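2 protein chains.
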Amino acid sequence: MGAAKSKRVPRAVRERQMMDAAVRTFARRGYRAASMDEIAELAGVSKPLVYLYLNSKEELFSAVIRREAAALVTAVTAAVEKDAAADRQLWCGLTGFFAHTAEHPEGWAVLHQQARTHGEPFAIEVAAMRAEIVRFVAGLIGAAAKEAGCAGELADREVAGLAHALVGAAESLAEWANTCAADGTSTLGVIGERERPTAKDAAGTLMNFAWAGLGRLMHGERWTPA
Amino acid sequence: MGAAKSKRVPRAVRERQMMDAAVRTFARRGYRAASMDEIAELAGVSKPLVYLYLNSKEELFSAVIRREAAALVTAVTAAVEKDAAADRQLWCGLTGFFAHTAEHPEGWAVLHQQARTHGEPFAIEVAAMRAEIVRFVAGLIGAAAKEAGCAGELADREVAGLAHALVGAAESLAEWANTCAADGTSTLGVIGERERPTAKDAAGTLMNFAWAGLGRLMHGERWTPA
Numbered sequence: 001m002g003a004a005k006s007k008r009v010p011r012a013v014r015e016r017q018m019m020d021a022a023v024r025t026f027a028r029r030g031y032r033a034a035s036m037d038e039i040a041e042l043a044g045v046s047k048p049l050v051y052l053y054l055n056s057k058e059e060l061f062s063a064v065i066r067r068e069a070a071a072l073v074t075a076v077t078a079a080v081e082k083d084a085a086a087d088r089q090l091w092c093g094l095t096g097f098f099a100h101t102a103e104h105p106e107g108w109a110v111l112h113q114q115a116r117t118h119g120e121p122f123a124i125e126v127a128a129m130r131a132e133i134v135r136f137v138a139g140l141i142g143a144a145a146k147e148a149g150c151a152g153e154l155a156d157r158e159v160a161g162l163a164h165a166l167v168g169a170a171e172s173l174a175e176w177a178n179t180c181a182a183d184g185t186s187t188l189g190v191i192g193e194r195e196r197p198t199a200k201d202a203a204g205t206l207m208n209f210a211w212a213g214l215g216r217l218m219h220g221e222r223w224t225p226a
Numbered sequence: 001m002g003a004a005k006s007k008r009v010p011r012a013v014r015e016r017q018m019m020d021a022a023v024r025t026f027a028r029r030g031y032r033a034a035s036m037d038e039i040a041e042l043a044g045v046s047k048p049l050v051y052l053y054l055n056s057k058e059e060l061f062s063a064v065i066r067r068e069a070a071a072l073v074t075a076v077t078a079a080v081e082k083d084a085a086a087d088r089q090l091w092c093g094l095t096g097f098f099a100h101t102a103e104h105p106e107g108w109a110v111l112h113q114q115a116r117t118h119g120e121p122f123a124i125e126v127a128a129m130r131a132e133i134v135r136f137v138a139g140l141i142g143a144a145a146k147e148a149g150c151a152g153e154l155a156d157r158e159v160a161g162l163a164h165a166l167v168g169a170a171e172s173l174a175e176w177a178n179t180c181a182a183d184g185t186s187t188l189g190v191i192g193e194r195e196r197p198t199a200k201d202a203a204g205t206l207m208n209f210a211w212a213g214l215g216r217l218m219h220g221e222r223w224t225p226a
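Residue numbers (the UniProt record's numbering), protein chains in the order written: chain S, 1 to 226; chain L, 1 to 226.
Please keep in mind that the hints were generated in silico from the structure rather than gathered at the bench. Any given hint might turn out to be false.
Intra- or inter-copy, both count: the list cannot distinguish identical chains.
To be verified - As a list, the in silico DMTMM-like pairs of lysine to aspartate or glutamate whose alpha-carbon atoms are at most 25 angstroms apart:
| no. | residue 1 | residue 2 |
| --- | --- | --- |
| 1 | Lys146 | Asp83 |
| 2 | Lys146 | Glu158 |
| 3 | Lys200 | Asp156 |
| 4 | Lys200 | Glu158 |
| 5 | Lys47 | Asp20 |
| 6 | Lys146 | Glu81 |
| 7 | Lys146 | Asp201 |
| 8 | Lys47 | Asp37 |
| 9 | Lys200 | Glu175 |
As the structure is a prediction and not an experimental result, all values here were calculated from the model.
All chains should be modelled from the sequences, with the hints used to inform the complete structure.
Here it is as structure tokens:
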């Protein structure tokens, strides 16, 4: 238990430190500009050790995407109370999503901004995570339609569209909230608010926007062009 | 008007051909992998001519983003009937958005997938366009709140959040619709529909989802966790 021993950090811990440093560096610099030197320095290890543990920048980026995607899906699904009403499940899932993206803005930036555009292997990881969340949301909308007794009226195709819309709305709100936090101002400019919305604010905005609309839709009240 | 003369293509036409080729190449290959050789070949001109007209790959990409962003904003704003009711304006704007992104899937891919991640100058162009659309949508939501006599109740901050949510929902639906078209199948997999939703389908889905919810919100009916 001397000084020499206390320096021996377990491999799993070292890997986590490297991944943490990689998330930060990829989020700030982008994938191409991020250097293994910077990642190693930020992690407090030598560059050869990063290569020894994680092979290449490509594999490190893939590992980061997988870890951050899994953490996000876990946060969303863990927030949901199984067997609750569909609207309650959605509310909890959204709150979990906004809380996680607020606590891990760099992980969210890697998934939302970086991972989608650097070629097939990376984009596929993120698309798979997104598809999982869309399926989950589509399931909740379908369940809510069934509860409301209108399963037949809301076609599968429309449920899929609504789920994509809701997920896109949540992504956009999360990005906006994180931008508010980073800038101390909104990307809207005109509004000039200085504080970021809380996870519950964001989830509440989206529930008010979407769920009330879905509720009407499920009771056969459709918006039609005048 | 002989053969020699008919070969002299005006500079503006040549530039448009090069930009068209660039949009296609950037959308397919991504910014980094796109080569000026491929762009020149697709445009049917020599590579030095591309450099002569558009200077560098960076400037060509910037020019492409500016052109595609301007075209999208023009399509959305041109679709709107000024002085119509706010919901009608939003419906028209959404229909214009979905029609334009369906007709220009490669331009949309460049804006939505490519331009946001390749560093400041490109991301800023797209952010400016997006902010313009968000401001327009926020204006419509604010106007609708005023029409409904509840301008004070819906805080500016919430209007901004709602506008971001709606724009994100529209982006996500447009991407989904274009993926349906490209694959002949949905990214959801489970649904298995083979045809892409039309612009009116997509706008209708979003109006039903959002506007009905906004309508309730404006009449003071809020969703609250049970």
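query: Within a copy, between copies, both or neither: where do Lys146 and Asp83 come within 25 angstroms Cα-Cα?
result: within (14 angstroms within a copy, 40 angstroms between copies)
Within, between, both or neither, where Lys200 and Glu175 count as close if Cα-Cα is 25 angstroms or less: within (15 angstroms within a copy, 27 angstroms between copies)
task: Using 25 angstroms as the alpha carbon limit, work out where Lys200 and Glu158 are close: within a copy, between copies, both or neither.
output: Result: close only across copies, 13 angstroms inter versus 27 angstroms intra.
- prompt: For the identical chains here, do Lys47 and Asp37 meet the 25 angstroms Cα criterion within one copy, between copies, both, or neither?
  reply: within (6 angstroms within a copy, 36 angstroms between copies)
message: Treating 25 angstroms as the Cα threshold, decide for Lys146 and Glu158: within, between, both or neither.
response: Intra 14 angstroms, inter 31 angstroms, cutoff 25 angstroms: intra-copy only.
query: Given a CA cutoff of 25 angstroms, do Lys146 and Asp201 count as a within-copy pair, a between-copy pair, both, or neither?
result: Between copies, since 22 angstroms is at most 25 angstroms while 28 angstroms is not.
message: At most 25 angstroms between alpha carbons: which applies to Lys146 and Glu81, within, between, both or neither?
response: Cα proximity of Lys146 and Glu81: one copy only (19 angstroms, versus 38 angstroms across).
message: Please sort Lys47 with Asp20 into within, between, both or neither, judging by C-alpha distance up to 25 angstroms.
response: within (15 angstroms within a copy, 43 angstroms between copies)
- prompt: Can you tell me if Lys200 and Asp156 fall within 25 angstroms by alpha carbon in one copy, between copies, both or neither?
  reply: The answer is between: 17 angstroms across copies meets 25 angstroms, while 29 angstroms in one copy does not.
In summary, this structure violates none of the numbered hints.
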